[in-house]
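Colleague: If you want the building blocks of each chain, they are given just below.
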Amino acid sequence: MAKEHDVFRIGTGAGFSADRLDPAVDLARRGALDVMVLECLGERTVAFAHRDRMANPKRGYNAHLERRMRALLPACHEAGTIVISNMGAANPRAGAARARDIARELGFAGLKIACIEGDDVSDRVPLSQKFMDEPGTLADVGRPIVGMNAYLGADAILPALEAGADVVIGGRLADPSMYLAPLMQRYGWDTADMGRAGAGTLVGHLMECGMQITGGYFADPGVKEVTRLAQCGYPIAEVTADGGAVITKLPDTGGCVTEATVKEQLLYEVHNPAAYLTPDVTADFSRVSVKAEGKDRVRVGGASGRTRPEKLKVTVGFDAGFMAEAGVSYAGLAASTRGKLAGEIVRERLKQIHGIASHPRVDLIGVNSLFATAGQTPTQSEDVRLRVALRTTRQEEAELMLWEVESLLCCGPAGGGGFRGSITPAVLTKSVLIDRALVEPTFEMFVA
Amino acid sequence: MSGRGRNTPLLVRDIAHARSGDKGNTSNVNVWVYDPVDYERLKRSLTAERIKHEFPQLVRGAIERYEIEHLYGLNFVLHDALEGGVNASLNLDSHGKSWSYLILGLPLEPDPG
Chain C
1159 MAKEHDVFRI GTGAGFSADR LDPAVDLARR GALDVMVLEC LGERTVAFAH RDRMANPKRG
1219 YNAHLERRMR ALLPACHEAG TIVISNMGAA NPRAGAARAR DIARELGFAG LKIACIEGDD
1279 VSDRVPLSQK FMDEPGTLAD VGRPIVGMNA YLGADAILPA LEAGADVVIG GRLADPSMYL
1339 APLMQRYGWD TADMGRAGAG TLVGHLMECG MQITGGYFAD PGVKEVTRLA QCGYPIAEVT
1399 ADGGAVITKL PDTGGCVTEA TVKEQLLYEV HNPAAYLTPD VTADFSRVSV KAEGKDRVRV
1459 GGASGRTRPE KLKVTVGFDA GFMAEAGVSY AGLAASTRGK LAGEIVRERL KQIHGIASHP
1519 RVDLIGVNSL FATAGQTPTQ SEDVRLRVAL RTTRQEEAEL MLWEVESLLC CGPAGGGGFR
1579 GSITPAVLTK SVLIDRALVE PTFEMFVA
Chain U
48 MSGRGRNTPL LVRDIAHARS GDKGNTSNVN VWVYDPVDYE RLKRSLTAER IKHEFPQLVR
108 GAIERYEIEH LYGLNFVLHD ALEGGVNASL NLDSHGKSWS YLILGLPLEP DPG
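In the order they appear, the protein sequences are chains C and U.
Heads up: the first sequence runs through residues 1159 to 1606, numbered per the numbering used here.
Heads up: the second sequence runs through residues 48 to 160, numbered per the numbering used here.
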């Protein structure tokens, strides 16, 4: 399956659980990729996936896994592209089995789908375990645990690649590790070579959020222009044996790859640039070079690395009850004043009439919502939306809040309309650390 | 560039671009000048103390500033700055994705030159 490139071509086909599919199909067809990574798991996504699995033991993998596999497998099979994904979420076994069934339906007999497990450590972390980054222990939360997943590194993925997997499906595979593992395999990098691990981790870090490096999450019309965002292309990394890379995209897709888009992504969700921790390495991005070398081509290099962290991070998900949100709109003269009055009424009634102790948040969208806590001064607006949000462990309180907001239609200020309300399950996540020795990744090959 | 009057102070957005991200209850905002000429002014304008002073209710913890001199960028780590984080915050933007525009909206210190 190896191709005769002088570079290894890795593409991203999803940068988060709800990312677009059609540009991934386009990239799979025309990208001449060695590997396509589908990064689909966040701390909260995995907690919600555990809830799905509890409701139905055959679920708990990414909701779009079936559509993604159906759409991408034909092109990846044709091009000899290996697919690596953490779409298995809370149930890699069911996800991999589903992928195998889809491969069979598509007629790809013999296609090898590796299922990686071992990230679920719920049977080996005690409730007395201390949090990683705040005071307290798991027991202090006082809510039911829905799942515990350790971040697995490249060493968990490598055996599956060495066994010839065409598709790798895991759960909590660390995002950059999904890029580092195929690079280690292709170029024979030693797992103890922390310099190479740092370089491969930089590639993974830059690529893992998909279009955030090709013009997504970037446009600010009049200041930072991005053309054809509706047709934005996913990124491609052309990686050489020394770990250096060019970040690019298919030439006729929308978006752009510039030094500016690369730099914004370089430190996205990074704290100390000299110590970015993954299961594989303590990566150092502080001396990274970023140099444009043509239209939509930016060369990156200069990342290094030191000893990997001793312990692995574990995300622990809890059932946190319900999240209730409801709103009513006010428009025209003095809309802000009427909206503000509506908010005061709801606040008073939730406390005085219903005795709900949880504090609701009351926003006036159009005047002051996202930046409310930051202390931005409210201004008048002629089109505002009252938004009330409440987190509670009691469904009845969530329902009462929606009722109160809807009652504003007849009982609140003049001219309120457009009530909408929703109650959704809430999860809570915490982080703890675990000894590596307690985490035993395994893989099993499912053959179509 | 901005179309504002000559006495209107320039904002960070006039010389720099930014992106914010989250981990738990910690936000980070990276800021990059378009033109290296403006880097010293950005560093003078955006100190950790200044940001803490501008948003005391929002940023409840410490602020660290990392300088990426060779790429003309700054990275701010804002501790306890997400209203409890995505688990606890009732903010519509519980990840603080919009925090980059809080920073971009700050006026720059006057240019001494």
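Hints were generated in silico from the structure; no laboratory data involved.
Treat the hints with care, as some may be off.
Negatives, chain U to chain C, calculated, CB over 12 Å [said to hold, decoys possible]:
id, residue
1, R60
2, V78
3, R91
4, P157
Partial list, computed: chain U residues near chain C (C-beta under 10 Å) [unchecked claim]:
id, residue
5, K70
6, Y86
7, E87
8, G132
Cβ coordinates follow ideal geometry from the N, Cα and C atoms, glycine included.
Colleague: Take the hints in turn and mark each one as holding or not.
Modeller: Hints, verified against the model:
{"no.": "1", "hint": "R60", "verdict": "violated, 7 Å"}
{"no.": "2", "hint": "V78", "verdict": "violated, 9 Å"}
{"no.": "3", "hint": "R91", "verdict": "holds, 20 Å"}
{"no.": "4", "hint": "P157", "verdict": "holds, 22 Å"}
{"no.": "5", "hint": "K70", "verdict": "holds, 6 Å"}
{"no.": "6", "hint": "Y86", "verdict": "violated, 13 Å"}
{"no.": "7", "hint": "E87", "verdict": "violated, 18 Å"}
{"no.": "8", "hint": "G132", "verdict": "holds, 9 Å"}
Hints 1, 2, 6, 7, counting from the list given before, are not met by this structure.
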